[in-house]
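Below, each chain spelled out in residue letters.
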Amino acid sequence: MAPTVALIDLDAGNVRSVSNALTHLGVEHVHARAPQDLEGATHIILPGVGAYAAFMERLSTRGFVEALARATRENGAAFLGICVGLQVLGSRGLEFGETRGLDWVPGDCVRLDAAAASGLAVPHMGWSSVALQRPDPLFDGLDDHATFYFVHSYHLRPADPGAVLATVDYGERVTAAIGIGRVWAVQFHPEKSQHAGLRLLRNFMRVGA
Amino acid sequence: MSTLKRLIPVVLLRNGQVVQSKGFKRWQLLGNPSTIVSRLSNWTADELVYLDITREGAHDLRRDDLNFENRADVLSILEDVSRKCFMPLTFGGGVRTAEDVRARLARGADKVAINTAAVRMPGLVEACAREHGAQCVVVSIDARRDDTGGWQVFVDHGRTATGLDPAAWAREVESRGAGEILLTSIDEDGMARGYDRALIAHVVAAVKIPVVALGGVGEWAHLGAGLDAGASGVAAGNIFHYSENSVVHAARWLFENGYPVRRPALASLVTEGDL
Numbered sequence: 005m006a007p008t009v010a011l012i013d014l015d016a017g018n019v020r021s022v023s024n025a026l027t028h029l030g031v032e033h034v035h036a037r038a039p040q041d042l043e044g045a046t047h048i049i050l051p052g053v054g055a056y057a058a059f060m061e062r063l064s065t066r067g068f069v070e071a072l073a074r075a076t077r078e079n080g081a082a083f084l085g086i087c088v089g090l091q092v093l094g095s096r097g098l099e100f101g102e103t104r105g106l107d108w109v110p111g112d113c114v115r116l117d118a119a120a121a122s123g124l125a126v127p128h129m130g131w132s133s134v135a136l137q138r139p140d141p142l143f144d145g146l147d148d149h150a151t152f153y154f155v156h157s158y159h160l161r162p163a164d165p166g167a168v169l170a171t172v173d174y175g176e177r178v179t180a181a182i183g184i185g186r187v188w189a190v191q192f193h194p195e196k197s198q199h200a201g202l203r204l205l206r207n208f209m210r211v212g213a
Numbered sequence: 012m013s014t015l016k017r018l019i020p021v022v023l024l025r026n027g028q029v030v031q032s033k034g035f036k037r038w039q040l041l042g043n044p045s046t047i048v049s050r051l052s053n054w055t056a057d058e059l060v061y062l063d064i065t066r067e068g069a070h071d072l073r074r075d076d077l078n079f080e081n082r083a084d085v086l087s088i089l090e091d092v093s094r095k096c097f098m099p100l101t102f103g104g105g106v107r108t109a110e111d112v113r114a115r116l117a118r119g120a121d122k123v124a125i126n127t128a129a130v131r132m133p134g135l136v137e138a139c140a141r142e143h144g145a146q147c148v149v150v151s152i153d154a155r156r157d158d159t160g161g162w163q164v165f166v167d168h169g170r171t172a173t174g175l176d177p178a179a180w181a182r183e184v185e186s187r188g189a190g191e192i193l194l195t196s197i198d199e200d201g202m203a204r205g206y207d208r209a210l211i212a213h214v215v216a217a218v219k220i221p222v223v224a225l226g227g228v229g230e231w232a233h234l235g236a237g238l239d240a241g242a243s244g245v246a247a248g249n250i251f252h253y254s255e256n257s258v259v260h261a262a263r264w265l266f267e268n269g270y271p272v273r274r275p276a277l278a279s280l281v282t283e284g285d286l
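In the order they appear, the protein sequences are chains U and Y.
Positions 5 to 213 (this note's numbering) are the ones given, in order, by the first sequence.
Positions 12 to 286 (this note's numbering) are the ones given, in order, by the second sequence.
Same shape as in the complex, but just chain U (with noise of 0.2 Å):
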């Protein structure tokens, strides 16, 4: 059967490549832009950039904490996080003060200050390679170093290191992804990381389809 998949539109951001991303692939997607959207989904992407006070303020104000929820815990729906989509999974994010995020995934979200501390840019914005920590059906056919687009200034770092799917090295040990269950997020940017990000997407796809 194929998935029903609905991608959480917030007005902002990169919604619209990873629209494209799934138009491409074949993928025929809903914009979710209230709860009700949710309805029937059996994949959820949840895409975000910028500021991560901003974007939990639009999730929570649209309805979207507890329909989320409701959607992957009791409907069983596939996620898949990206970028900002990742960080807010976390506890709280310490960006400008502290913004409480949608505690999925206990841990803190903070600045990349030991990439900052060794000299590295900030933000981390280009091409690297990741790291696997586990085989998991979302990197199927991609080899162990694939490399991904990134563009961030904060990651999360989840207080069980058993949620991380793939890191990154940049001054340290960074998230790349994360999986629990059929709750996936990375950190990168799969819908501007050409063959790599698009096998990722289409792997997502497959996943309890």
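Read the hints as simulated data drawn from the structure, not as lab findings.
For every residue, glycine included, the Cβ atom is placed at its ideal position computed from N, Cα and C.
Treat each hint with caution, since some may be false.
Said to hold, decoys possible - Restraint ranges, calculated between C-beta atoms of paired labels, are given here: (1) U:GLY123 / Y:ASN268: 37 to 47 Å; (2) Y:ALA212 / U:ALA73: 49 to 59 Å; (3) Y:ASN268 / U:LEU124: 19 to 29 Å; (4) Y:LYS219 / U:ASP173: 12 to 22 Å; (5) U:GLU176 / Y:SER186: 24 to 34 Å; (6) U:GLU102 / Y:ARG170: 48 to 58 Å; (7) Y:ASN268 / U:GLU102: 41 to 51 Å; (8) Y:LYS95 / U:PHE100: 28 to 38 Å.
Claimed, not checked - Pairs of lysine to aspartate or glutamate, EDC-like flavour, derived with a Cα cap of 20 Å: (9) Y:LYS95 / Y:ASP84; (10) Y:LYS95 / U:ASP117; (11) Y:LYS219 / Y:GLU185; (12) Y:LYS219 / U:ASP117; (13) Y:LYS33 / Y:ASP198; (14) Y:LYS36 / Y:GLU185.
Here the structure of chain U is known, so what remains is to put chain Y in place on it, guided by the hints.
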């Protein structure tokens, strides 16, 4: 570990057509942008840069009307390109106001390159960096050698001297929030003798933000020389139009010669849509 070095094909648009450029003075028509795009948008390029070099300020009204139409076409071209561009896309040319920047980001650009308008209104760089983030703002610098052994920044597609030193200017736009410099040598544009490596080193030494070099690549080894001179990304236009899969060959040359670049995609993956 710092990010990998980038290989960046550049497409020049003039009056809605793809062109080759030489010395900022002569242009050869290459054809329709939508057919050329698919060849360059293969899996091996790390980024794409589109620069609209259509000249403004024509004298008669008819030409002005034509230019206006071409401008609109250029945004449609951008939208088309962004639909099949699964890598970062920089779009430059014709940017005068913050609204122009917004329009380009809205039509699918990931970054917008500002050139002449940055010199005329440096506040535009700050305003755009504040509104969209530094990662969206590229300042494009066209530099020409002068007779003192230095360089000077030119605007209006190489026609107007500014008296600015490219390194000092790069440092200023960095302090105003630019996220990247696209540095073009007017002297080497279309000459195929290699980058102006001294110019690259001069500007790279002045800033912390990435510098992408453009102008002069005539063989793959020139790309390596650009990276050796300190560029974070090596861009080229003309050379990529000569043969099929030219970007793949360039990427392979860099990878096989030990440069820290993305491992080139397998030839079998290069075909459009083959996943």
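A quick look at each hint next to the structure:
no.: 1; hint: U:GLY123 / Y:ASN268: 37 to 47 Å; result: violated (26 Å)
no.: 2; hint: Y:ALA212 / U:ALA73: 49 to 59 Å; result: holds (54 Å)
no.: 3; hint: Y:ASN268 / U:LEU124: 19 to 29 Å; result: holds (24 Å)
no.: 4; hint: Y:LYS219 / U:ASP173: 12 to 22 Å; result: holds (20 Å)
no.: 5; hint: U:GLU176 / Y:SER186: 24 to 34 Å; result: holds (28 Å)
no.: 6; hint: U:GLU102 / Y:ARG170: 48 to 58 Å; result: holds (52 Å)
no.: 7; hint: Y:ASN268 / U:GLU102: 41 to 51 Å; result: holds (48 Å)
no.: 8; hint: Y:LYS95 / U:PHE100: 28 to 38 Å; result: holds (36 Å)
no.: 9; hint: Y:LYS95 / Y:ASP84; result: holds (17 Å)
no.: 10; hint: Y:LYS95 / U:ASP117; result: violated (35 Å)
no.: 11; hint: Y:LYS219 / Y:GLU185; result: holds (8 Å)
no.: 12; hint: Y:LYS219 / U:ASP117; result: holds (17 Å)
no.: 13; hint: Y:LYS33 / Y:ASP198; result: holds (9 Å)
no.: 14; hint: Y:LYS36 / Y:GLU185; result: violated (29 Å)
In this structure, the hints that do not hold are numbers 1, 10 and 14, in rising order.
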